[in-house]
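**Student:** Sequence:
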Amino acid sequence: MKYDFRRIEKDWQDYWRDHKTFKAVNGSDKPKYYVLDMFPYPSGAGLHVGHPLGYIASDIYARYKRLQGFNVLHPQGYDSFGLPAEQYAIQTGQHPAITTAENIKTYRRQLDQIGFSFDWSREVRTSDPNYYKWTQWIFIQLFNSWYNNDSDKAEDISELIKLFEAEGNSTVNAVCDDNIEPFSAEDWKSFSSKKQQQILLQYRLTYLAETEVNWCPALGTVLANDEIVNGVSERGGHPVIRKKMTQWSMRISAYAERLLQGLDKIDWTDALKESQRNWIGKSVGASVEFKIPNSESKISVFTTRPDTIFGVSFMTLAPEHELVSQITTPEQKADVDAYVEATAKRSERDRMADVKTISGAFTGAYAEHPFTKEPIPIWIGDYVLAGYGTGAVMSVPCGDQRDYDFAKHFKIPIPNIFDGVDISEEAFADKEKTVIGNSDFLNGLNYKKATKRVIYELEKIGQGEGKTNYRLRDAVFSRQRYWGEPFPVYYVNGMPQMIDAAHLPIKLPEVEKYLPTETGEPPLGNATVWAWDRLKAEVVSNSLIDNENVFPLELNTMPGWAGSSWYFNRYMDASNENEFASQEALNYWKDVDLYIGGSEHATGHLLYARFWQKFLFDKNLVPVDEFAKKLINQGMILGTSAFVYVLEPFMTYKGDGMINSIPVSLPIYDKIYIISFNYIANADEIHEYGDSRFFHNTKIQDKLTQTIRESLRGKVLKDEFDMSQKYVDDIENCNVTALYIRPLHTDVSFVNSSDELDIEAFKNWREEYKDAEFITEEDGTFKVKRDVEKMSKSKYNVVNPDDIVSDYGADSLRLYEMFLGPLEQYKPWNTAGITGVHSFLKKLWKLYVGENGLHVNDAEPTKDNLKTLHKTIKKVQEDIESFSFNTSVSTFMIAVNELTAQKCTSKEILEPFLILISPYAPHIAEELWHQLGHTGSISTAPFPKFEEKHLVESSKNYPISFNGKMRFTMELPLDMSKEDIEKAVLAHEKTKDQLQGREPKKVIVVPGKIVNIVG
RNA sequence: GCUCAAGUGGCGGAAUUGGUAGACGCGCUGGAUUCAAAAUCCAGUUUCUUCGGAAGUGUGGGUUCGAUUCCCACCUUGAGUACCA
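Heads up: the first sequence begins at 1 in UniProt numbering, then just goes up one per residue.
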């Protein structure tokens, strides 16, 4: 009988489905264990071999825990709302609901054939109205809550209203908008309803406000900070600009401190915690208020170094700071306006790419030092960011390098306030060594004492206080897209009103055009049935809006992370129609015991989900305030791409109609090698910024191209750095600016086995390169260069798991993915290696089944049999518990090799061995288990018990080393005394050879381990 | 720039309370089987070597009887973050 994996895998997948083998029940005598994967976006491309890596690991763990006697919850679902699904729908010109359903079908088929032990009865889809009903419901809870700093938790908004009615807002210690105006109880009562609502919005945990947002014209939507990478959108790599828009936001900043503290009690990787800490960005210091003489305005700054306040020689405001226009003197107006305008023009990416150029302008205004009362010139400069702190800094050039550079550049005095420190070359920023001088009451104090003292003095004069600042900003929650959760919100007199929870879900309306617009009009604006009838409590036609009780509905939709911020709770009670999950279910499953997913969600999903969980906890809706006890980031499986190189003069980037400077990370290109570092612009677009000159001259460009071509012809392309270094001189001599060797991804179907590219086929495939000049090898062939990178359809390096499963089977795929290397590590995929695990499975099969059927019998196991089994149990158990799945696959291979060599047929050995391997290769294990005569699933068997006694040895093959180097081994009894071991070793012939007549200086004997002779 | 992680054969990787470096697998070489191929099985495979051995875990130092493992400095790669006051 042969190992017929196709038949076996299908049979057992059918069995599991028909018998609902992995259905988890809420409540059991067994202890609970919740194993969760980050649910996938069902993208149109389907799964590639990288996707199941984490699922396989979690599945092994879930199956292991079942064998250990736990009641295991191991669910799966789809994060089916959001940009990726919608972008795919737009590309293919279909409705997102249709493509999403199709994609989910593909995903499900692909997942099923890998043999996961998911409980599909609990499947969730974030785009399902029965699911997003509760996303909307949670949104309403957030709207109806505020953050009370005194109780340090979210409370009902009605409590806040009571406080306002009783004593105004002066005694309220809440997290709220910075620009809140104080009012009394009388004031509150006298306010119009609209004004009251406006004030409440400044306190609510989700609120509508005009904020500066990251607007992405190409995607037609705003993006959250974590959705932007290197100044361009994470999805598609489109430019992002700053824009003021009225948007829903989440007051996540209220939870900054608790999100930070909570990290200490969860078992997540240090790297991930570090990146969340970084994102929260706590810094402790003081806020200081600087008065502007003869003006109502004050400048408030945040500083971590209040101790250096006597070193302030100027102040700097961000160019966008609201005071700039007010305080600028008429003489400086032209300068300041020009600078503000120039800064506004620069894209985020430009600003990021060019942090070295110092620029700024003097406003002509002066502030007053809080202690010395000296006038302090007020400058503006783009090194101060509008979005951090107050958008203004007190500049202490002697203590901060950026202030120092700015002062040097604009010839502003640099007073020294540090004793015994030379600041003629650079600023002195070492807090630990600081001794303050020239600073009145701070003289002679160190950093700690001076900080304490100065805060005391500032508070005394009412011009400052100790303050903790967080980098974490409130999260923008509106998207101008179609494929997302609609807000349960309608507007009366421009003020948002929540729809009563009883009427949820508010279903996504049908629209004719669901494409986003570049101007920011949300697609829901095209819906004709999208108004709220308050009396009937239903969505009605827009034409009725003039009626007394019919109001417009919110046109924005929620971002992709809305649905993923609480889905782990829904799995606990996925079909509940009355609650997002019953308290009974929530109290039983509590939290995720093991969460596996990618590290790319560190500052997005994983932070937002923690935030919502803490909020739900505050509202007594969930029993724990951290949703996942342990989290593992699986590494990415990389694909091998093939490149061919083409010579190209640099093309201007016109994604948003703007001219950009150096393409630091232009994602529109696959990869760019810069030969020279200037820029060719069109003749009518000549700019000059700082040191980088932009000019245009086609003749020079042509000459350069010629030079490069001639230099490169016949050269072997080895690595891009050498290349650029080698030719950079030529380029500069030509006075020319830029040229690229551009690598193009190649479909491997044009590449033969010796890596030669069929250039004609390639050119037909990518017609735009019909006339391009490709770089050849010395022998004139077009060879591709291989490089390992992220697997992606656009890189033509995708390996489809379907092919692997059909050629080698799911068990081979599962074993191989684990065998590839440590789970957390990034590693390249190489299909060739799978034959190793596949032939292992065949050997495993042969161990149980011979030509004439099963050859397992009741033979008494030998000592060796028992030893092999028990050392395997020990190692595999240790490995699973430390998530070292790659080494347990090796252990299985060793065990099968040994048992085969031992000709083991004993059921007593082979049965427990099958249980051991069943989490990894469940299909073959079930099949053999069944053939051994069992009727139920192997997943209900108990995990074998390790017994030390089978591993006890009587002798040890001692390594004998000389000066630490092992030279030979000696078999000696383990109960031999140190002295006898020494004697036996010294008497050995090879010892004499090694010593060559010298006397051993010292002999180290570690019984049971090693002997080392120092000679 | 800062933070973190990692550097071991042709390749993926194994080995840490410091104790036989290269497990396991791929690839490669030779052999058996076969008309042949696939499949399977056996042997070998870090480098150098005068075949006795010797060197060897990014580089240079240190601690130790003994270091891939601990300490210091540096180099390289990857990831994250970036004028955060």
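Treat each hint with caution, since some may be false.
Here are the simulated BS3-like pairs of lysine-lysine, each with C-alpha atoms no more than 27 Å apart in a straight line [said to hold, decoys possible]:
(1) Lys1002 with Lys983
(2) Lys243 with Lys195
(3) Lys827 with Lys795
(4) Lys411 with Lys291
(5) Lys978 with Lys945
(6) Lys105 with Lys1002
(7) Lys2 with Lys903
(8) Lys956 with Lys1001
Cβ pair distances, simulated, as ranges [claimed, not checked]:
(9) Met966 with Ala987: 12 to 20 Å
(10) Gly281 with Gly93: 53 to 61 Å
(11) Lys373 with Gly281: 48 to 56 Å
(12) Glu465 with Gly281: 37 to 45 Å
(13) Ser297 with Asp177: 48 to 56 Å
(14) Ile545 with Asp500: 40 to 48 Å
(15) Lys20 with Lys903: 37 to 45 Å
(16) Ala344 with Ser582: 48 to 56 Å
Note that these hints are calculated values from the structure, not bench results.
In this text, a Cβ means the ideal position worked out from N, Cα and C, and glycines have one as well.
**Student:** Among the hints numbered above, which are violated by the structure, and what are their numbers in rising order?
**Tutor:** Structure breaks hints 5, 6, 10, 11, 12, 13, 14.
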